[in-house]
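> Let the sequences and hints guide you as you build the complete structure.
Quick mapping for you: the protein sequence lines, in order, are chains F, R and P. Residue numbers for the first sequence, in numbering that gives the first Met the number 0: 0 to 268. Residue numbers for the second sequence, in numbering that gives the first Met the number 0: 0 to 268. Residue numbers for the third sequence, in numbering that gives the first Met the number 0: 0 to 268.
Quick caveat, the hints were computed from the structure, so don't treat them as lab data. Owing to the predicted nature of the structure, the values given are computational and were not obtained by experimental measurement. Wrong hints could be hidden among the right ones.
In silico BS3-like links for lysine-lysine, alpha-carbon gap of 25 Å or less [what the hints assert, rightly or not]: (1) R/K8 with P/K185; (2) F/K75 with F/K106; (3) P/K8 with F/K185; (4) P/K8 with P/K75; (5) F/K152 with F/K106; (6) P/K106 with P/K75; (7) R/K75 with F/K8; (8) R/K75 with R/K106; (9) R/K8 with R/K75.
Covered, in the sense of this in silico footprint (three residues per stretch, anywhere, with C-beta under 8 Å from a C-beta of chain P), are these stretches of chain F [as the list claims (entries may be wrong)]: (10) 24 to 33; (11) 62 to 69; (12) 74 to 85; (13) 94 to 107; (14) 173 to 187.
Computed, partial: chain F to chain P, Cβ under 8 Å [what the hints assert, rightly or not]: (15) A11; (16) G135; (17) G236; (18) T237; (19) E239.
Cβ coordinates follow ideal geometry from the N, Cα and C atoms, glycine included.
One letter stands for each residue in the lines below.
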Amino acid sequence: MKAEDTLRKMAAERPLVHHLTNYVTVNLVANATLCAGALPVMAHAAEEVEEMVAHASALAINMGTLDPPWIEAMLKAGREANRRGIPIVLDPVGVGATSFRTEMAAKLLSEVEFSAVCGNAGEIATIAGLEAEVRGVESLGGDARTAVREAAKSLGATVAATGPTDFVSDGERIFAVENGHPLMGKIVGSGCASTAIIACFAAAANDASLETVSEALAFFGRAGEDAAEGPEVGGPGTFEGHLLDAVAALAAEPRLLEGRLRTSEVESG
Amino acid sequence: MKAEDTLRKMAAERPLVHHLTNYVTVNLVANATLCAGALPVMAHAAEEVEEMVAHASALAINMGTLDPPWIEAMLKAGREANRRGIPIVLDPVGVGATSFRTEMAAKLLSEVEFSAVCGNAGEIATIAGLEAEVRGVESLGGDARTAVREAAKSLGATVAATGPTDFVSDGERIFAVENGHPLMGKIVGSGCASTAIIACFAAAANDASLETVSEALAFFGRAGEDAAEGPEVGGPGTFEGHLLDAVAALAAEPRLLEGRLRTSEVESG
Amino acid sequence: MKAEDTLRKMAAERPLVHHLTNYVTVNLVANATLCAGALPVMAHAAEEVEEMVAHASALAINMGTLDPPWIEAMLKAGREANRRGIPIVLDPVGVGATSFRTEMAAKLLSEVEFSAVCGNAGEIATIAGLEAEVRGVESLGGDARTAVREAAKSLGATVAATGPTDFVSDGERIFAVENGHPLMGKIVGSGCASTAIIACFAAAANDASLETVSEALAFFGRAGEDAAEGPEVGGPGTFEGHLLDAVAALAAEPRLLEGRLRTSEVESG
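If you want it as structure tokens, here you go:
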């Protein structure tokens, strides 16, 4: 489904997206979800995650500030989402930075069936079992194109690596997404927000296919381009508010996207 | 007390408002409190909530991201606030969305005496025992006017339901507050911030009467109107900063509010 | 090392700064770190703090929303940072407000060797054992100049008290930092962000000397001055984004700082 159509469906249905995310960028994640046209809910208590996810059209799990009670909540919510057949998106923040994160990502990936995984190049390379440098939660490189295909093949999910060019693969084909702006890399949480937007698109489209994920990233990247164009943007701090404005503006008038999303198939499998 | 007078008292006394709130909108809640003229403090450890609330002039409890240790802290802080006779405001975020939230709201309401309860129409309808649709933490309707009166009657507290028109009742009379702007519904946390402003007003006025709560909501709604007027506001993302600016500007010059708050008694009990 | 040189080193090396901080201002702290040129990471699980801090060039501990599991994580991370010899900065938020905070600050200070401590005047006075009024987490005064020297002497660390004038001491000499703008005191978290900037400078300089801490505060104060000058700033809400823009702009062109940092030795010990 094209981004324009997904956004129209989202505006009409206002799907609930349940986020289990980190406390650093949670506000941006919630606002990005709302601006895109979905309804965000954050709920992490083991006592309610299953009941909450039962109302949701997608679940987004972000490992940014992981600890054991949250992992339990993620597993519970994830299994219930799987039972109900709703798409689940994982952002494996910082995987590779500590053995705890690497083990917990492996645990999540083995006990829950994710529809899509979205991270930076280093995180996806780690998941693919390739060499990568992850310092803290920032990627310092890695071959994103190979990594997404290998990770997607081994996980049986759509995998995206965000960066100057985003790469997305279903294990066979690889799409490149050229939309975006360097300022997106200068704010904390643009990766988390990308994952949130993917979850919104997955909720509306009811799938996290190669096309859906690529369109979501192209849409968000286009919003970043629009935001950066404004004369009021003087750096990362003022950019963030304009980025949300642009997400809301494009979601309200999806026809503005026509011809402006730059996704292409770079490998046909 | 009129909003102007409450704000002057707040600026002179700088009352401490203790918040036990969610991690999604906590930054907005804290900044709204500070911009209004009060001092925010967030402290949730069971080891210190009683001592912290002893210094406070109001306590605000927000259920947005509830879990068992937080409920314990809320109960401890609430009981101590009751012992000291300071006003307590509850924002029952998401009540009705899961049985856990509904039970926990009932527990809080039975063990702590709240001065005011502020939520969206669906949440207040749930508390009043009326039919409502709550999806996640968003209300999708409900008869707010009836709900506030019924909930206020059964709780013996002032009850407010925020929305395009806010309704406030003490169980007999009902006030309507017409100030506000649609952009307030497009940012995550404007409801939480409303509750924070009510707590600030309650701290300064030392009550959470029908009048105090209505004036607080009218003040915050007026700030939203002022913020939305600015040519620099291009959507929800840029609106949030301007909303805080407007709160600070009106708090610094309360005379700007004269004749601009639109509260009216729509039912006299 | 002069601020200009520290910023150039930071841009070249992109040191990782590990924050154990509060959930109120964590987003501002992370963005301030990134805008200054360092890489922020927030990780609090006892299972990973030691491994994460092993990759870091500085550790920043902020007591804003303390609870027992976090104290354990702070102690573990702090001891490991000490073993590795990397600088650790403490922001003792709210010390003096409750006995829990006062005891936990004492515990941290006795079990971990901090390179620098940065708080408001009331917090530093409390640590120095002087009279102070702390209401919630806001300082309402105290003799900052005496407090920093006494606290530094007893702790054997660099101690800073932020305020209209910042005072910094190594226990003998006292520096005054005159950069800054009143709007910095109107946003929640400018103190936390100051501490984050000190940690960034300490990471790049590999020390938290009197000079390094003073230069960090002067740099951040100068960013506040630049931000406040902009015609788009209408109050605290819009100021915050511009403050981050200014941090990023000055970090990208450190020569803009030349001759504009106002630090002076006000007592030579």
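> Check the hint pairing F/K75 with F/K106 against an upper bound of 25 Å on the C-alpha distance.
Satisfied, since the Cα-Cα distance of roughly 12 Å is no more than 25 Å.
> Within 25 Å, alpha carbon to alpha carbon, are R/K75 and R/K106?
Holds, because 12 Å separates the two Cα atoms, which is no more than 25 Å.
> Residue count check for the region 74 to 85 of chain F against chain P: does it reach three with CB-CB under 8 Å?
violated (count 0)
> With the threshold set at 25 Å, check whether the alpha-carbon distance from F/K152 to F/K106 stays at or below it.
Given pair F/K152, F/K106 holds - Cα atoms ~18 Å apart, limit 25 Å.
> State whether the coverage of the region 24 to 33 of chain F by chain P holds or is violated, taking the criterion as 3 or more residues with Cβ-Cβ distances under 8 Å.
With 3 residues closer than 8 Å to chain P, the region 24 to 33 of chain F meets the three-residue bar; holds.
> Has the region 62 to 69 of chain F got at least three residues whose CB is nearer than 8 Å to a CB belonging to chain P?
Holds, because 5 residues of the region 62 to 69 of chain F bring their Cβ atoms closer than 8 Å to Cβ atoms of chain P.
> If you take the shortest Cβ to Cβ gap from F/G135 to chain P, is it below 8 Å?
With a closest approach of 3 Å, the F/G135 hint holds.
> Would the hint linking P/K8 and P/K75 be met if the CA-CA limit is 25 Å?
violated, 29 Å
> Three residues minimum, CB to CB under 8 Å: does the region 173 to 187 of chain F make the cut for coverage by chain P? Let me know.
holds (count 3)
> Are R/K8 and R/K75 close enough, with their CA atoms no more than 25 Å apart?
violated, 29 Å
> Hey, R/K75 versus F/K8, does the alpha-carbon distance stay inside 25 Å?
With a Cα-Cα distance of about 45 Å, the restraint between R/K75 and F/K8 is violated, given a limit of 25 Å.
> Tell me if F/T237 is really an interface residue toward chain P, meaning its C-beta lies closer than 8 Å to one of theirs.
Holds, because the Cβ-Cβ distance from F/T237 to chain P comes to roughly 4 Å (cut-off 8 Å).
In this structure, the hints that do not hold are numbers 4, 7, 9, 12 and 15, in rising order.
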